[in-house]
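Q: So the chains spell out like this:
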Amino acid sequence: MKVDLTVNGKEITADVEDRMLLVHFVRDVADLTATNIGCDTTSCGACTVLLDGESVKSCTVLAAQANGHDITTLEGLASNGDMHPVQRAFHEQHGLQCGFCTPGMVMAIVSLLKENPHPTEEQVRTGLEGNLCRCTGYHNIVRAALAASETSPQADTAEVSS
Amino acid sequence: MIPSSFTYKRASSAEEACDLAAEYGEDAKYLAGGHSLLPLMKLRLAAPEMLIDLGGLRDLSYLTDQGSHIAIGALTRHHDVQHSDLLAREVPLLAHAAGQVGDPQIRHRGTIGGSIAHGDPASDLPAVLLALDATLVARGTDGTREIPIGEFFQGLFETALEPDELLTEIRVPKPPAGGRGWSFQKFTQRAIDWAIVGVAVQGGHVALVNMAGTPLRATAVEAALAGGASPAEAAAHAAEGSSAVSDIRATREYREHLARVLTSRALTETASRAA
Amino acid sequence: MSIMGTRVIRTEDPRLLTAGGVYVDDVRTPQLSGAARLTFVRSPVAHARITGIDASQALSEPGVIAVLTVADMDDLAPPPPSSGEWDGSPTPLGGPWAEPLLAVDTVRFVGEPVAVVITDTSYQGEDAADLVAVDYDPLPVVLGPAAAVADQTLLFPAAGTNIAIKNAVSTDDTPFDACDVVIEQSIINQRVACVPMEGRATAVSYENGKLTVWASSQNAQVSRFILAGALGMAPDQIRVVVPDVGGGFGAKIGIDRDTITLAWAARKTGRSLRWAETRSENLVAMTQGRAQLQHIKIGGSRDGRILAYRLDVIQDAGAYQRVGGLLPFLTCLMAPGVYDIPDVQAGFRQAVTNTTPIAAYRGAGRPEATAAIERAVDLFAAEIGMDPAEVRRRNYIAPDKFPFQTKTGAMYDTGRYAEALDKALAAAGYAELRLEQQRRRENGGPRQLGIGLSSYVEITAPDPDAGETAKLEVRDDGTAIVYTGSSAHGQGHHTAWAMLVQDELGIPMDQITVIHGDTDLIPAGVGTYGSRSLQLGGSAVHNAAIEVKDEARRHAAEMLEAAEADVVLDTGTGLWQVRGDPDTALSWAQVAGHTSGGSLIADVSFVQERPTFPFGTHVSVVEVDTETGQARLLRHVTVDDAGTVMNPVLTEGQRHGGIAQGAAQALLEEVLYDADGNPLTSTLADYSAISAPDLPSFELAASETPTDLNPLGVKGIGEAGTIGSTPAVQNAVIDAVSHLGVRHIDMPATPQRVWNAINEAQKASNQ
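Keeping their order, the protein sequence lines are chains A, L and V. According to the working numbering, the first sequence is numbered sequentially starting from 1. According to the working numbering, the second sequence is numbered sequentially starting from 1. According to the working numbering, the third sequence is numbered sequentially starting from 1.
Hints should not be assumed to be uniformly reliable.
[To be verified] Distance windows between CB atoms, simulated:
hint: 1; chain 1: A; residue 1: 14; chain 2: V; residue 2: 88; range: 42 to 48 Å
hint: 2; chain 1: A; residue 1: 79; chain 2: V; residue 2: 477; range: 29 to 35 Å
hint: 3; chain 1: L; residue 1: 158; chain 2: V; residue 2: 57; range: 49 to 55 Å
hint: 4; chain 1: V; residue 1: 403; chain 2: L; residue 2: 245; range: 40 to 46 Å
[Said to hold, decoys possible] Okay, derived cross-link-like pairs now, EDC-like style, lysine to aspartate or glutamate, Cα gap no bigger than 20 Å in a straight line:
hint: 5; chain 1: V; residue 1: 763; chain 2: L; residue 2: 256
hint: 6; chain 1: A; residue 1: 2; chain 2: L; residue 2: 53
hint: 7; chain 1: L; residue 1: 9; chain 2: A; residue 2: 18
hint: 8; chain 1: V; residue 1: 297; chain 2: V; residue 2: 120
hint: 9; chain 1: V; residue 1: 763; chain 2: L; residue 2: 53
hint: 10; chain 1: L; residue 1: 9; chain 2: A; residue 2: 31
None of these hints come from the bench; they were simulated from the model. Ideal Cβ placement from N, Cα and C applies to all residues, glycine included.
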């Protein structure tokens with residue numbers, strides 16, 4: 001079937017199988033490979049993109065369901081070569097190690113902050129319940145989210161000096 | 001990881017959706033948010049030959065005050081139920097419970113109707129609607145009918161819906177003056193997990209998540225409460241009439257224990273909210 | 001001002017954060033254009049004879065190019081003969097234990113590959129794989145270490161037993177006879193899954209007799225070596241490229257049978273091929289970790305002195321032994337931990353079961369050792385009624401005894417264990433925590449507090465003589481390239497190696513490129529595992545920089561017509577000059593330009609005399625709801641001393657990640673099978689990988705006790721967090737309910753397990 005999606009501001013029309021998942025449309029048709037696949041049970045969130053500005057797990061949306069809608073991926077986040085505040089915060093707070101969960105994590109946080117601009121640490125952690133990371137232990141991801149929200153962390157949980 | 005092949009059709013109206021379902025029968029499934037159905041299809045535990053996408057039926061997404069009840073369109077997303085000011089005022093139990101379903105991404109897609117129609121006793125909303133004594137409105141090729149929630153869940157993944165019937169609305173009665181206390185106790189290992197056991201209380205109604213093949217009203221608890229029992233005394237009856245399973249998360253015995261503990265906590269919280 | 005020890009954010013990040021990493025399945029290159037997709041057909045049964053494979057239906061599906069089985073592998077030489085005895089190396093056991101590429105006539109675990117389907121697209125591959133009909137004749141299933149050693153059903157009849165490796169523990173009880181107090185306990189260190197966020201993935205191109213393999217691996221050069229041997233090719237006919245890797249944790253060391261099969265299939269069919277496993281595949285077919293049944297015996301005196309310790313391990317190897325006896329060997333090596341125990345007995349048996357093969361997983365044998373001794377110490381402390389911190393303090397190896405040769409044959413380089421304990425206890429506010437615990441116990445409410453300790457020491461760079469390589473090139477445009485044999489998959493080596501070069505040579509980091517993971521560019525290298533890379537790979541970079549500096553000095557002296565002794569490098573500006581005469585300043589570009597080749601090059605290998613031993617103490621604070629058994633991690637405080645800290649940002653990140661995986665084992669994660677050997681946790685919905693709301697932010701205290709074994713004074717930090725955290729969290733949960741009579745709870749301390757323990761203790765006390 002023919003589908004018509006706008007991805008990072010660019011309209012893409014393609015003839016795809018009815019069962020094509022949005023994540024494969026993004027990766028293989030739109031050729032945007034930052035969005036990753038980490039599981040097959042909608043558990044890990046690595047595939048998170050924005051659909052009409054809201055975070056969704058693109059592995060559990062059919063390209064057909066997204067027909068006529070707007071998709072934003074990590075690659076579409078920076079503007080005029082400047083990192084989005086969430087991207088910058090991840091860099092400054094060492095919020096990524098291997099980077100595989102990162103695109104989904106960043107998009108989930110962009111959406112989270114849009115809906116709750118000044119979350120508490122607990123709200124950030126709960127808000128990320130659908131995004132798994134194996135490298136960072138989440139500590140710096142949470143700091144990045146809070147830094148991006150321009151809220152200082154509730155407690156100074158950084159290094160305790162000896 | 002990939003569903004087996006199917007034909008996709010996008011319905012432009014509820015009428016068209018029903019007609020398609022009637023035409024294709026058992027080979028077709030409705031697709032709402034897709035977050036109950038697509039995960040099953042990706043593991044190839046379900047393989048419908050046709051998906052009828054209801055995503056375009058925006059007129060089935062609404063939350064309106066109908067005086068004695070709140071009318072919720074079946075395609076209202078969990079996110080919108082969670083953040084509804086109307087529900088926060090009138091039926092906070094439902095708004096709160098919707099915020100416990102899955103994660104934020106899932107709540108941006110999953111719908112209340114889709115969740116109910118799926119009929120999973122481990123889901124949060126079926127038990128919540130049971131405690132709220134909701135009425136469901138279903139539309140088929142033969143017309144529309146109302147289904148009391150008590151008759152809706154018939155077995156594991158089995159509901160009263162005929163193959164062509166489409167859930168269009170959920171009617172939630174506003175709790176009466178003496179029954180406005182509420183509580184929702186969802187016991188999980190991790191935040192994202194399905195409830196090992198859950199308890200939904202609205203006033204004197206107590207419903208259990210994942211204690212049987214369908215959501216269950218804890219009628220023995222309700223009777224004890226009506227008879228003047230304290231929360232702890234009433235909660236002792238929580239597992240009566242249940243048929244919990246043993247699985248990798250919990251044994252039946254442990255689930256029955258949790259039902260009692262969570263019911264006691266839920267009833268205490270309900271009482272404090274009613275005050 | 002040296003950059004060493006300062007907080008430097010990563011050079012890797014801008015690309016990863018804006019364009020995203022390029023993992024194997026993202027690689028787009030002309031060599032792979034038109035690549036077909038390979039899908040594995042895997043056994044759905046745990047133990048069976050294969051009586052037939054019918055691919056006819058699959059072959060008639062759209063897009064199917066081929067269906068291949070072991071019968072098609074006639075172009076491969078049989079493996080070299082082997083007795084099957086373990087030779088001490090972390091390599092697969094051969095002989096009767098040998099693991100085939102595709103199953104021959106027997107499958108031995110659910111997930112074992114039986115055939116491959118090659119299709120145009122991955123969607124077609126999944127469809128076609130479902131249609132390959134394999135007939136299985138079920139055999140009895142062997143599950144768990146106890147059943148394995150009973151030898152009732154043999155996985156490899158030719159071996160005559162399921163016990164592949166035996167290093168029997170002493171049964172001499174004399175040391176225990178002298179003890180006032182002797183405690184025994186069986187402990188399960190449960191099987192866990194590694195769950196890197198990127199599963200295994202491989203792409204292969206075979207052109208003109210040369211094989212190019214893109215692999216999600218922790219070492220390209222080792223992978224090439226394995227492929228050459230398996231495929232009967234010369235190494236220079238194979239190029240392995242390791243792009244970005246989405247986590248490894250030990251499970252991606254080298255490459256495994258599935259990648260070898262892919263490479264073979266590409267050569268066989270003449271098609272370039274791609275494969276990226278699904279998570280469901282990953283959770284049954286990627287190697288898993290831990291899986292030990294332990295029996296400990298600890299004896300001591302009532303004044304808190306530990307006099308004797310015995311650790312008896314049965315290692316569940318899974319169906320095939322990928323790393324020989326490495327894991328239980330390391331467990332026994334590290335058995336006594338940080339304690340100076342006069343008598344230590346440690347031994348193991350390793351046996352096969354009809355489950356996923358076990359191999360290295362963050363800590364690889366050392367978490368198991370630490371978990372056992374730390375449980376034993378807590379049991380001992382509880383028995384004699386002494387504070388577990390005090391018992392530890394009384395038994396640490398004293399600081400003046402280093403280097404310390406343990407009874408099990410390890411030589412600990414440096415350590416200050418009591419200091420680490422004191423620092424951790426102070427940071428945690430230990431006394432206040434005990435008071436709060438007491439208050440809650442007196443109030444008798446359901447939410448009780450548990451405080452758990454773990455003091456650990458671990459062995460990093462356990463293969464120090466394998467060393468690591470570094471080639472440093474400073475070019476006549478002033479830029480530098482580091483070719484490293486290390487293979488970062490999240491650790492930030494590019495940042496760290498650039499820091500080393502900047503520190504030594506004064507070339508700014510943004511002028512330094514670090515390259516790893518391509519055997520065409522780096523033919524010799526060892527890779528990243530065992531927390532070895534900073535000490536070995538970093539030291540190699542450091543030494544290469546010094547060599548370049550020495551060579552540069554010679555050139556600069558010539559150019560400046562001065563004596564070498566009078567020529568100095570200002571590492572702040574990166575300029576060479578005659579001492580005291582800034583007008584003579586030469587840039588790196590100029591000096592490099594003076595060489596005949598236009599660059600200064602140093603190619604070094606750094607080998608270390610012995611392994612290093614980081615150490616620390618973790619304090620874990622857990623709240624247990626005694627009515628439901630649910631445990632919640634409230635706080636986790638650590639001292640992780642891995643010598644000199646080069647970049648606190650990177651070190652903290654490794655500690656955080658390690659703590660999370662360690663806490664996950666203590667509280668949540670477990671691979672489960674039913675009685676027929678069917679996996680029950682083969683999706684991330686069922687396998688409880690730890691998530692953000694399950695964890696608090698961590699509290700890290702700083703401590704640096706350098707080693708003298710390398711020029712940087714560094715030890716390895718990558719696995720320490722995991723090793724230290726698991727026992728602290730486990731001990732905390734037990735501590736929370738110890739007043740109810742609970743003395744031990746096996747991991748993971750799920751609500752069900754904790755509730756069971758409380759009930760059993762109550763029943764016991766009612767008798």
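Q: Each of the hints needs a verdict: does it hold here or not?
A: Now for the hints, and whether the structure bears them out:
1. 14/A - 88/V: 42 to 48 Å: 56 Å, violated
2. 79/A - 477/V: 29 to 35 Å: 32 Å, holds
3. 158/L - 57/V: 49 to 55 Å: At roughly 33 Å between Cβ atoms, residue 57/V and residue 158/L fall outside 49 to 55 Å, so the hint is violated.
4. 403/V - 245/L: 40 to 46 Å: Between residue 403/V and residue 245/L, where Cβ atoms are some 57 Å apart, the hint is violated.
5. 763/V - 256/L: Given pair residue 763/V, residue 256/L holds - Cα atoms ~19 Å apart, limit 20 Å.
6. 2/A - 53/L: Satisfied, since the Cα-Cα distance of roughly 15 Å is no more than 20 Å.
7. 9/L - 18/A: 9 Å, holds
8. 297/V - 120/V: 58 Å, violated
9. 763/V - 53/L: Given pair residue 763/V, residue 53/L is violated - Cα atoms ~56 Å apart, limit 20 Å.
10. 9/L - 31/A: 26 Å, violated
In the structure shown, a violation is registered for the earlier hints numbered 1, 3, 4, 8, 9 and 10, in ascending order.
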